[in-house]
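Undergrad: Sequence:
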Amino acid sequence: MPKRREQHRREPRELGELPYADHLEPFEGRLTQGGDYDTVLFDGREFEDADASNARFIESAFASVTFAGGRYRRARFSDVWLNGVRWVGGDLTESVWADAEIIMSAPAGTALPGAEMNHVLFHRCKLDSVNLRAADLREVSFVECTLRDVDFAGATLTGVDFPGSTLERVRFDKARMSRVDLRGAVSLGISDGYDALRGATISGVQLMELAPMFAHILGVAVDND
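1 is the number of the first residue of the sequence shown in my numbering; add one for each residue after it.
If you're looking for bench data, these hints aren't it; they were derived computationally from the structure. Keep in mind it's a predicted model, so treat the numbers as computed, not measured. Think of the CB as a built atom: it goes at the ideal place given N, C-alpha and C, for glycine as much as any other residue. Treat the hints with care, as some may be off.
Unchecked claim - Cβ-Cβ distance ranges computed for the label pairs, FRET-style:
id, residue 1, residue 2, range
1, HIS23, ASP195, 42 to 50 Å
2, ARG124, SER191, 17 to 25 Å
3, VAL205, ARG45, 41 to 49 Å
4, GLY199, GLY29, 39 to 47 Å
5, TYR20, GLU209, 40 to 48 Å
To be verified - Okay, derived cross-link-like pairs now, DMTMM-like style, lysine to aspartate or glutamate, Cα gap no bigger than 20 Å in a straight line:
id, residue 1, residue 2
6, LYS174, GLU116
7, LYS126, ASP91
8, LYS126, ASP149
9, LYS174, ASP192
10, LYS126, GLU168
11, LYS174, ASP195
12, LYS126, GLU144
13, LYS174, ASP149
14, LYS126, GLU11
15, LYS174, ASP136
16, LYS174, GLU94
Construct all of the structure, not just a fragment, from the sequences and the given hints.
TA: In structure tokens, the structure reads:
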């Protein structure tokens, strides 16, 4: 049986624990295309239909921020901390996320097709109708999260796990998986892409729950008579 891998971080940090916390400066002004936001604190701000495509957010923190719509295509979020962030809609196509902690946040209807995520922790988040088609996720943890109608179609998942998380109507069709650990998921509701689970590890209980669909995919008839 494969060993459980150790993820880069299980518990999120408090704002004051960030190595750059003492250098954060309050955000002033507005978000702009191609803007550079280095060691910036976004606290309680609301951004509606902003255009920050190709912007760079480096060593920055977002606390109780609301994003409504807007364009953040190819924006880069590196070593960032988000807590209590609401993201309603919004276009984050091909955005890049590296060494990010996303805590108690709720992206809904957010588009992240082709996004790259490397060493990202989602902790107690609610993801609803999030588009991650063709995204590349490496060393990503969804801890005690709810993923509802999340679309991973065509995505590449490497070193991804879901401890304590609930998956509802999640799509994995044509996804590619390596070292994906689903054993910790509280529920495993998959709407499409059962055949893409090759490369994933599931528990014996989950296998029994998924057995009817696996039999259907393989064309196996089950008859107890």
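Undergrad: Hint by hint, say whether it matches the structure.
TA: Hints and how they fare:
{"no.": "1", "hint": "HIS23 - ASP195: 42 to 50 Å", "in the structure": "48 Å, holds"}
{"no.": "2", "hint": "ARG124 - SER191: 17 to 25 Å", "in the structure": "23 Å, holds"}
{"no.": "3", "hint": "VAL205 - ARG45: 41 to 49 Å", "in the structure": "44 Å, holds"}
{"no.": "4", "hint": "GLY199 - GLY29: 39 to 47 Å", "in the structure": "45 Å, holds"}
{"no.": "5", "hint": "TYR20 - GLU209: 40 to 48 Å", "in the structure": "44 Å, holds"}
{"no.": "6", "hint": "LYS174 - GLU116", "in the structure": "17 Å, holds"}
{"no.": "7", "hint": "LYS126 - ASP91", "in the structure": "18 Å, holds"}
{"no.": "8", "hint": "LYS126 - ASP149", "in the structure": "11 Å, holds"}
{"no.": "9", "hint": "LYS174 - ASP192", "in the structure": "9 Å, holds"}
{"no.": "10", "hint": "LYS126 - GLU168", "in the structure": "11 Å, holds"}
{"no.": "11", "hint": "LYS174 - ASP195", "in the structure": "8 Å, holds"}
{"no.": "12", "hint": "LYS126 - GLU144", "in the structure": "9 Å, holds"}
{"no.": "13", "hint": "LYS174 - ASP149", "in the structure": "16 Å, holds"}
{"no.": "14", "hint": "LYS126 - GLU11", "in the structure": "17 Å, holds"}
{"no.": "15", "hint": "LYS174 - ASP136", "in the structure": "13 Å, holds"}
{"no.": "16", "hint": "LYS174 - GLU94", "in the structure": "19 Å, holds"}
Violated hints: none; the structure is consistent with every hint.
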